[in-house]
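Visitor: Residues per chain are reported as follows:
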Amino acid sequence: MGSDVDTSIGSPGKGSLGLLASRFALPVAWLLLIVVFTFLQPDLFPTARNFQSVLSERSILLILTLGMLFGLAAGEYDLSIAATMGLSFVIVGWLNVQNDWPIEPTIVLALAAALLVGVVNAVVIVVLDVPSLVATLGMGSVLAGLALGINNLIVSPVAPLLVNLARMKIGGLQMVFFVALALTIATWYVFSYTPLGRYIYFVGAGRNVARLTGIRVDAIRAGTLITGSLIAGLGGVLLAGRNGSVDPNIAPALLLPAFAGAFLGSTAINPGRFNPWGTFIAVYFLATGINGLQLLKITGWVEQVFFGAALVIGVVFSRLARRALERGGS
Amino acid sequence: MAEVPVVDARGFSKTFSGRKVLTDVDLAVSSGEIHALVGPNGSGKSTFIKILAGYHPPDPGATLAVRGHPVALPLSAATASHIGLSFVHQDLGLFEGGTVLENLLVGQYRTRFGWRVPWRSERARARGVLGEYGLEVDPDAPLATLTDVQRALLAIVRALIHLPASESALLVLDEPTARLPHDSAAEFFGRVRAIADRGHAVLFVSHRLDEVVTLANRVTVLRDGRIVARHRATDFTVRGLVTEMLGFEMEQLYPDQNHGYGEVVASIKELSGGVVRRFDADCHRGEILGLTGLIGMGHDAVPYLVFGAEPAHSGTIEIAGTTIRLTSITPRRAMSLGMGLLPGNRSRDSAVGEATARENLTLATLQRYAIGGRLRRGMERKDAQAQMARFEVAPVDPEAIMATFSGGNQQKTLLAKWLARRPQLLILDEPWHGVDVGAKRQIMRLLSEAASDGMTIVISSVEAADLAEVCHRVLVMRRGEVATALAGSDLTSARISEQVQLDTDTRTSVGGSGGRASQ
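Each protein sequence line maps, in turn, to chains A and B.
Taken in order, the first sequence gives residues 1 to 330; the numbers are from the working numbering.
Taken in order, the second sequence gives residues 1 to 519; the numbers are from the working numbering.
Keep in mind that the hints were calculated from the coordinates and are not lab data.
Among these hints, one or two may not hold up.
[Claimed, not checked] Cβ-to-Cβ under 10 angstroms is the rule here; a few derived chain A residues that face chain B:
#1 R49
#2 Q52
#3 K169
#4 L183
#5 A186
#6 Y189
#7 A205
#8 A210
#9 L212
#10 G214
#11 R216
#12 R273
#13 W277
#14 R322
[Unchecked claim] Distance ranges between label pairs, derived from CB positions:
#15 B:M379 to A:L116: 54 to 62 angstroms
#16 B:A78 to A:R323: 17 to 25 angstroms
#17 B:A386 to A:A182: 43 to 51 angstroms
#18 B:A386 to A:V142: 28 to 36 angstroms
#19 B:D490 to A:Y189: 57 to 65 angstroms
#20 A:E104 to B:G98: 21 to 29 angstroms
#21 A:A182 to B:R422: 34 to 42 angstroms
#22 A:A29 to B:E449: 48 to 56 angstroms
#23 B:G372 to A:S245: 20 to 28 angstroms
[What the hints assert, rightly or not] Simulated coverage check for chain B against chain A, where a stretch passes if three residues somewhere in it have a Cβ under 8 angstroms from a Cβ of chain A:
#24 66–73
#25 332–342
#26 383–390
Ideal Cβ positions, reconstructed from N, Cα and C, are used throughout, including at glycine.
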């Protein structure tokens, strides 16, 4: 099995029919979903406008999920990543909207805050040896509280420069979508086409093996956590631009959807591994499902149910995929 | 022997992704019988056992009877255990985070004692049981502090105490002695013999054909998934079994080891740490140096201390013109100084089972394929394929998942990983653990070739015969120190065993040397 799209599709005789099926089950399910909603809502669903809106709207979630992917690939959970995004988001509102800072230093400070969170997480987890699940659970609560302390109101308007940039449209799609797409491609390149990506995978899949092969395990663990935080910070800034306002309650709610996207994504394209294209498909598969149901006037509760179920199913299937791989021979 | 076998398996076949790995295997084990199942890696032994354990469903057409009663296939793991099939697998299945006692009692105390575990009495009972099987460890010791050999023993003890006392049961041992010294293997098989004499049936898979010859009442030989020979009582010899397993006569079991060696390449001084109290050694260019001893006497700890995998208390190594303190050496630093380590615990320290063979093989040399920051995967794949072909890994498929290869093929792949770096000093811990005679011979040949090319090789192992064959010099460790160095005409399997044994009077319940058949 290759570890990226093109070689794995193109190489003959790699794996069984079952593996091929699991590789493309999610993309096929996505297409089926589109067909079903097209049939049920022929007027509202299959319009360019609707697709453009879904792709743009969920691109912030995709960015957050990609940030989370780095830590997950190296075997570290970052439960504070949504709150990190929330912190950067709120800082934009606080400095730019409430205190009339120019937007450029505001962005720098928002990103610096995210970076600082990543560094603190890395020190606690890697240097002080606290399990990442516990360390970032606490950090997430600290950050969510801090964000509310800084500003617990919805504030607007965010500087037009940032708003116009984030909402700039190319082919009907907002700039944020292209940022998410570029980030997907960059992550894919790192994961599949650099030694670093391979090392990250081995640190996650066999930490002892990595250590005994001279890989700088701790540096990679710290690096993935910090990278994830920075990407979350970028997501927070873009969210402020895309929304034009800052609502401190939005970001923390994206934690579970991001996990759902990452785990569901690990069942596709390269089953059993956290991979950016699987993540891309998973996030938009979920977005399409929710969008279709909303158009059918099934709203409110459906998002929570959908993301929650996707997380559990994603974890189940990624385990099954891994087991199938290991049992695939004699 | 009883007329009705304890286990009677008929027509066991298994196909993986269109490839038939087991064809129509019939096998019956009777009460009081020790039945050996032998065959090269990939011959289908593990698959057969995994079907019995309920891990793989068999292809349609298989039947199974236990004590004369038909049993529905596929089995579930729970059914297998319920009808008296007990297993000790190569990977042992121990709980890393637990203590010895917790591992010993897993699955037992809950049903037996209701909600409360009477730890005090359990601890006393555990101490008794462990002592009975010659495992002198504190029941409260964390599993992580046990050596690999102690772990193997613990898994075996656990399987033994789980056998029902009343009915005839089947104890399946899948390479249980792979890491035991011959003398404790003999001791262990004494226990197994006693269990068989009580009316149980024992099926064991072992690569140690001398044990098979000494112990088994019956032998079934598998090759390419088919039964090629069945023997009863004592109508078999090591040489005959090897020929049957390989399908051709092997002129010479081990390569000749008579080339000389050169100047000192690495000099280890005053190393201590863990069970090692003091270790000094000079390793020469082109030399294969063996380290051996009883469990916990230090030879098995030295490789990890030298490579920086475990913290040393004191010591230095002089290599490549520099002297490094072993208290601060890391694997990364050791590698940059031209060292390599092939660890003994394959699944924990050496291979990532869910990654591909290619990814495992190239991990230590990955930078070679990164040109301009970009990984040239075509190049990497071609290289991995060439290495696998050269090391006779089967199948030669770099994209196959590591866990789907047999133990011997995994080990050859991992040896290729380290040899590709062309280290000055390659250290190996139990390199032929769980490896069949064919693969063992290849590994020995590859190591000999590497040494002839000027590499320095250190092998830590409890296999006296293998060390005598492949090494130029063997250091026997006792109580954390080098007690004897054997070389030249002194370097024989018997001399090594004797030197290892000199310490046994201070240890309880380790019996005399096992009956070793000539090779």
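Visitor: Are the hints correct? Go through all of them and say.
Guide: Hints, one by one, checked against the model:
{"no.": "1", "hint": "R49", "verdict": "violated, 39 angstroms"}
{"no.": "2", "hint": "Q52", "verdict": "violated, 34 angstroms"}
{"no.": "3", "hint": "K169", "verdict": "violated, 33 angstroms"}
{"no.": "4", "hint": "L183", "verdict": "violated, 18 angstroms"}
{"no.": "5", "hint": "A186", "verdict": "violated, 13 angstroms"}
{"no.": "6", "hint": "Y189", "verdict": "holds, 8 angstroms"}
{"no.": "7", "hint": "A205", "verdict": "holds, 5 angstroms"}
{"no.": "8", "hint": "A210", "verdict": "holds, 8 angstroms"}
{"no.": "9", "hint": "L212", "verdict": "holds, 5 angstroms"}
{"no.": "10", "hint": "G214", "verdict": "holds, 4 angstroms"}
{"no.": "11", "hint": "R216", "verdict": "holds, 7 angstroms"}
{"no.": "12", "hint": "R273", "verdict": "holds, 8 angstroms"}
{"no.": "13", "hint": "W277", "verdict": "violated, 16 angstroms"}
{"no.": "14", "hint": "R322", "verdict": "holds, 6 angstroms"}
{"no.": "15", "hint": "B:M379 to A:L116: 54 to 62 angstroms", "verdict": "violated, 41 angstroms"}
{"no.": "16", "hint": "B:A78 to A:R323: 17 to 25 angstroms", "verdict": "holds, 18 angstroms"}
{"no.": "17", "hint": "B:A386 to A:A182: 43 to 51 angstroms", "verdict": "violated, 37 angstroms"}
{"no.": "18", "hint": "B:A386 to A:V142: 28 to 36 angstroms", "verdict": "violated, 53 angstroms"}
{"no.": "19", "hint": "B:D490 to A:Y189: 57 to 65 angstroms", "verdict": "holds, 59 angstroms"}
{"no.": "20", "hint": "A:E104 to B:G98: 21 to 29 angstroms", "verdict": "violated, 56 angstroms"}
{"no.": "21", "hint": "A:A182 to B:R422: 34 to 42 angstroms", "verdict": "holds, 41 angstroms"}
{"no.": "22", "hint": "A:A29 to B:E449: 48 to 56 angstroms", "verdict": "holds, 52 angstroms"}
{"no.": "23", "hint": "B:G372 to A:S245: 20 to 28 angstroms", "verdict": "violated, 44 angstroms"}
{"no.": "24", "hint": "66–73", "verdict": "violated (count 0)"}
{"no.": "25", "hint": "332–342", "verdict": "holds (count 5)"}
{"no.": "26", "hint": "383–390", "verdict": "violated (count 0)"}
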